[in-house]
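Chemist: For the protein sequence lines, the chains are A and B, in the order given.
Residue 427 in the numbering used here is what sits at position 70 of the first sequence, and the numbering runs on without skipping anything.
Residue 596 in the numbering used here is what sits at position 239 of the second sequence, and the numbering runs on without skipping anything.
Hints listed in this document are in silico derivations from the structure and should not be mistaken for laboratory results.
Do not take every clue at face value.
[Unchecked claim] As a list, the in silico DSSO-like pairs of lysine-lysine whose alpha-carbon atoms are at most 27 Å apart: (1) 561/B <-> 622/B; (2) 739/A <-> 883/A; (3) 817/B <-> 962/A; (4) 819/B <-> 428/A; (5) 421/B <-> 421/A; (6) 359/A <-> 622/B; (7) 817/B <-> 817/A; (8) 421/B <-> 693/A; (9) 421/B <-> 564/B; (10) 428/B <-> 421/A.
[Unchecked claim] Residues of chain A clear of chain B, computed beta-carbon distances all greater than 10 Å: (11) 614; (12) 900; (13) 912; (14) 993.
Keep in mind the model is a prediction, meaning the values are calculated, not measured.
C-beta atoms are modelled at their ideal positions from N, C-alpha and C, and glycine is treated no differently.
Now for the letters of each chain:
Number of protein chains: 2
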Amino acid sequence: MKNYLKLDEWLIIEDGFHPEYQEISESIFSIGNGHMGQRANFEEDYSGPSLQGSYLAGVYYPDKTQVGWWKNGYPEYFAKVINSTNWIGIHVKIDGVVLDLATCPVNNFKRVLNMREGYLSRTFVATLPSGVEVKVEALRFVSMTRPEIGAIRYRITPLNREAVVTLTPYLDGDVMNRDSNHGEKFWEEVNRTNQMDSATLTMKTKKLDFYVTTATAVELLMDNAPIILEPVLVDKDHTVTLFKYAASATSRDHAVEDLVSQSEKRVQEAKAMGFDQLLSEQREAWKNKWNDSDIVITGDVAAQQGIRFNIFQLNQTYTGDDERLNIGPKGFTGEKYGGSTYWDTEAYCLPFYLSTSAQEIARNLLIYRYRHLEKAKENASKLGFKRGALYPMVTMNGEECHNEWEITFEEIHRNGAIAYAIYNYVNYTGDAEYLGEYGFEVLVEISRFWAERVNYSQSKNKYVILGVTGPNEYENNVNNNWYTNRMASWTMEYTLEVMRNLQESHPQRLHELVEKLGIESSETKKWQDIIANMYYPMDQEAGLFLQQDGFLDKVIIPATAINPSEVPINQHWSWDRILRSCYIKQADVLQGLFFLGDRYDLETKRRNFDFYEPLTVHESSLSPCVHSILACELGYRDKAYELYLRTSRLDLNDYNNDTEDGCHITSMAGTWMSVVYGFGGFRVQEGRVHLTPFLMAHWESYSFKLMFRGARINVIVKKDTVTIHNETSVEVPLTLYHQNYQLKANESLTVETTSARMIG
Amino acid sequence: MKNYLKLDEWLIIEDGFHPEYQEISESIFSIGNGHMGQRANFEEDYSGPSLQGSYLAGVYYPDKTQVGWWKNGYPEYFAKVINSTNWIGIHVKIDGVVLDLATCPVNNFKRVLNMREGYLSRTFVATLPSGVEVKVEALRFVSMTRPEIGAIRYRITPLNREAVVTLTPYLDGDVMNRDSNHGEKFWEEVNRTNQMDSATLTMKTKKLDFYVTTATAVELLMDNAPIILEPVLVDKDHTVTLFKYAASATSRDHAVEDLVSQSEKRVQEAKAMGFDQLLSEQREAWKNKWNDSDIVITGDVAAQQGIRFNIFQLNQTYTGDDERLNIGPKGFTGEKYGGSTYWDTEAYCLPFYLSTSAQEIARNLLIYRYRHLEKAKENASKLGFKRGALYPMVTMNGEECHNEWEITFEEIHRNGAIAYAIYNYVNYTGDAEYLGEYGFEVLVEISRFWAERVNYSQSKNKYVILGVTGPNEYENNVNNNWYTNRMASWTMEYTLEVMRNLQESHPQRLHELVEKLGIESSETKKWQDIIANMYYPMDQEAGLFLQQDGFLDKVIIPATAINPSEVPINQHWSWDRILRSCYIKQADVLQGLFFLGDRYDLETKRRNFDFYEPLTVHESSLSPCVHSILACELGYRDKAYELYLRTSRLDLNDYNNDTEDGCHITSMAGTWMSVVYGFGGFRVQEGRVHLTPFLMAHWESYSFKLMFRGARINVIVKKDTVTIHNETSVEVPLTLYHQNYQLKANESLTVETTSARMIG
């Protein structure tokens, strides 16, 4: 855990240069706009440790698989998010000497991520070997309104005497991925153009033929007067300013032959508009984003900064306007893990986008999987299944690209989350039409997979699911993971329920679908039989759901007993030791009790939480949020707060000692849930917004926004009152502390909570 | 399964060139002498598919580990058997055209491995583009009496007109391993010398600094007259003969500065002696080998050839005169798997060497592990154990170099086999002194490992062993593998028994050892408690030992139901499908019933065999031999014979479709066991040789040799009689068909078996 960043409600601040944490800072201060983004690398040369990273959404590389021992069925490649043309680069020389913060004294260094306005700035004073001191002020952003555009303002002011300043902006397409499996470069140069103050560089990936043209245009000012881009003598206390605009156009969006002209056109538009105007647009765009999605916490700056950082990164990563895209686990902050889509999207991210953006955005996330249904069927077939779909663990284009048998082949619970997301979306939005259009097909194919994946155990006289890895990846190849069995059975139940509903509401469409999918009554009967006879491992006496068969054969000792020098255990213990220990990487049984929360009573949740939470080491970023939400429901407020801080400041404090690889983007949606679903007690049931908020004793207040079926409400929780304000003209059916209201257009409802909170 | 090789009692014959099987033939026709060996690559250039391989015992390379996903605890490197300087190479030109069997018509091709005399020969007629036909006769061997020496006789005879023949013998050190993890070369050249008819090449490994000098000396004859080594016009029906002698000296055996002189000295000695004399020595050496270890089967050429091939390869691979060496799984026939030592040595190979060679050789195999004890303790410590030793799964120098968590960390039953080998050796030889000298220390450290590796299950009120992989590697990370639990408990039992015996026989030595090892009575009490309360998964009703917890939750369908097009399943099924299936790669419960055969009655063995054999796919080379032995014991003779053929002709018929990688050397000792322990019913109990032989109905007879405590007996089994001949002056206590005899010096015992066999 690290604490080198300053607390602030709206800013992330590195005050004083921390080269030892440079790669961590590069992750944290990343900027993005859903279309592209980059790590907070320096514009000028830097010879210290650094992970260069500039990424374009949807542009990837099928890197030839590397394994120690090949298993039949492994995919041929792992789809990597690729480091693309570096357009931020500016070689800086002062009196002929390269400016490099790794090689000269640095003072007054300050790096700021302005989350409110959406830009990254950096200032410092460097002392060159000649003794000249220069102040540098750099500010850059990628535009939320013009997804292909980025802009930099780079200022240099000699402080103690004049200096010759040479600024050489450049484009560098000769970049690598650090995680390239075979040390291979993924790009080859196609074309470049160069003029005095503009340039283009067109690169092409060696496989899949993604073309990317990056165009730049630059402008140099002495104080406020334009000058020619060449070495210039700058007087003491005068300032030379370089504006560098860039446009990145890809063959995903343009014809290859238009890339140069389109990127040049866009970059010249940006230059013509000017940096200040672009930045002003940026502020406005972020103001709107925050208006939709901000959570305000007063009385706890660490908590406030944490949640804003999470919301900021989510909004930077995925904007939902391109249904071919998804939410990469590192967003634009690093290259690790590759792929763009994990079960994280359905299990953790969907609720955030459901509540903070237009309904189409969540719907696009669902349709993304619908479009991959054929690939998911192929995947199941490849693994020997006669029917059904198994969605990939990691994917870019619908094909599996993960290559660890215990995950690739066995972490099949992901299928359950994809089915659950359909339920979640429909339950939230009321958009039952989605089921007939897309959802039912996905549900049927997933149910088919489950029906074939179970087997009947003569020994147990029940259906069992053998050889799986549950959400807790610190167990591999277990039998009867409770969560997996439960979600498998639930999927079949829900599929049958949707079928009944379609029969009533859209019998003709159902008829078409039954024909198309070849559903026979023997098949649905089989599902019913499995639902009725699924085996769930339990300790009846203790009233516990067992994570898997044999869990109680382990030595059960709370995680607090682990020697702190051996934490995180995944960086200190050998894998077998982790596997046979009782320690849990992330919510597993508890994940099920969260998803299916309305089917289990509080005492059941309490027994399981009390048993599993002490054993959980939360070494997955996706873990603390779920535990935090359940802790809220159970009234374990201190535990909830501890877990909330852990999830919300996971990267800011580098809890898991891996932020240098990039930020944990998808878990950030879990952080959002831990406030809204946790502290706010938000649920949607039978078309109503349910809330049971409480306030941490040391907080003054907090508030959050919720979009719901065309309305948007603001929930403000104070010491003694909860106020719900309907900001729209759409009525909202509301259940606050188990009491029903109908919140009319632009109406506010305030209730005293002194007694009401007791109910929650 | 392939059938392109001819049957013969003493020869392996490829009659007619099979370029499509060239890599398989290269494996099968390999030659070796325990010190070095090589695949049956051609001397002349060959541009078709070929795996070049020339290997030196004990010379290896720590190849940087390659994995898909790093797990804490993985070793940094995998020790590879390395392809070394190619000394067999002779560039051959006929009228200026390169002779290359991939590019010209080939007739009368015959490749023969002469197992009786220990050499490889090859003859063919090639038609060159010019129309000239040349007969080529190549013969080579590596000397069993001079371990550093190899020799080649290479003859060319133009058949239809004269031809200019150019022979250019060479040394090539610029060789690669096909399985190099990172495409790296492992060697660098240090020095080379060249004279008209001799040369040396000194290479050094890039890591670990193994130096190898290869010296050659050549001699060219026209018909029988020496000529100068240069292009020569050879008349029709005249023969030019090249003799090429090579000596390979390594820094394992010589000071680096002596390598050139020593190898030159040896090669000149060989040359002076001459090819025919060397070959005559070779014949004599092999005659002695066969005298000790031959098994003669009459009436079944396929069975005869199979067993001789196995014995031949074993004798080529390991001669036991260097205690630093062990038995690599591919011997000198391929580079795959790397390492030299697996549990194969203790579980499968030891009995062969115990029965067919001097006692010191088996003892050396045990001492090899004793010398690695400190490394095995480090290995356990690295995995988080406070005390005890975990021997590596794969090793060259005592360090683990395997990198698959389910094997490296979890296939811990190997420790049991290493303990069992000590028992096996002492039981066989009566050399109880070994225990006080070396054995007890190993037993204690292994028992300590087991005692820490178990945990007490509150739920079962028994000690359990969680998260292991048993011998059946088609299950991973299972709980309570019966075999592992059984061998763990057995190890502790045996260690305590040895302790009691030492207390009686060598109390002073025991006292020293107890001091040295720090054994306290609490520790041995703990072992007793574990022995008494170990959990063994069972199906009480069916009287079955369960391979592991939950085995009966599987769908149990005999392996005969697998679609033949999907066999071997490991080349067709995804790993998860294999894991959750009931199919067994190799003997697991049955391995335990073989090792501890005197503790289980025939009905117990029968129940378990009847259950497990139909589920076993024998996709490990180590499997059929154990099943075959048990089948013999149970009187399932047809099944025993089927499994015997499968084990004995595994490589000759390429049953598992992988012989091109090299031969399955260690399983060959299992083949030997399937005759001697299987058909012969051989066991050693209480210092007596027990035999209960039977004869397959279609065999005429078979015979095998057994060394036993200084004696050697020959067991001859015919239709109606069994004759045991004591070839030595040492008496042998013998139990034949459960009746005791004392076989005096040079005495023969013959019993009628018509009725006796009924007992067996």
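Chemist: Take the hints in turn and mark each one as holding or not.
Modeler: Hints and how they fare:
1. A threshold of 27 Å between alpha carbons decides the hint, and for residue 561/B with residue 622/B the separation of about 20 Å falls inside it, so the pair holds.
2. Using a Cα cut-off of 27 Å, the hinted pair residue 739/A and residue 883/A holds, with the two alpha carbons roughly 23 Å apart.
3. Distance check on the hinted pair: residue 817/B and residue 962/A sit about 26 Å apart at the alpha-carbon level, within 27 Å; holds.
4. For a cut-off of 27 Å, the pair hint linking residue 819/B to residue 428/A is broken: about 35 Å separates their Cα positions.
5. Proposed proximity of residue 421/B and residue 421/A is supported: the alpha carbons are some 19 Å apart, at most 27 Å.
6. Among the hinted pairs, residue 359/A with residue 622/B is inconsistent with the structure: their alpha-carbon atoms are about 67 Å apart, more than 27 Å.
7. With a CA separation close to 18 Å, the supplied pair residue 817/B and residue 817/A stays within the 27 Å bound.
8. Under the criterion of a C-alpha separation no larger than 27 Å, the hint pairing residue 421/B with residue 693/A is consistent with the structure, at around 22 Å.
9. Proximity of residue 421/B to residue 564/B is assessed by CA-CA distance (about 11 Å); at most 27 Å being required, the pair is judged to hold.
10. A hinted pair counts as satisfied when its Cα atoms are at most 27 Å apart, and residue 428/B with residue 421/A qualifies at roughly 20 Å.
11. No Cβ of chain B comes within 10 Å of the Cβ of residue 614/A; the nearest lies about 38 Å off, and the non-interface call holds.
12. The non-interface label for residue 900/A is consistent with chain B: the shortest C-beta to C-beta separation is roughly 15 Å, beyond 10 Å.
13. Residue 912/A, annotated as away from the interface, has a beta carbon of chain B within 10 Å; the closest lies near 5 Å.
14. Every Cβ of chain B is farther than 10 Å from the Cβ of residue 993/A; the closest lies at roughly 26 Å, confirming the non-interface assignment.
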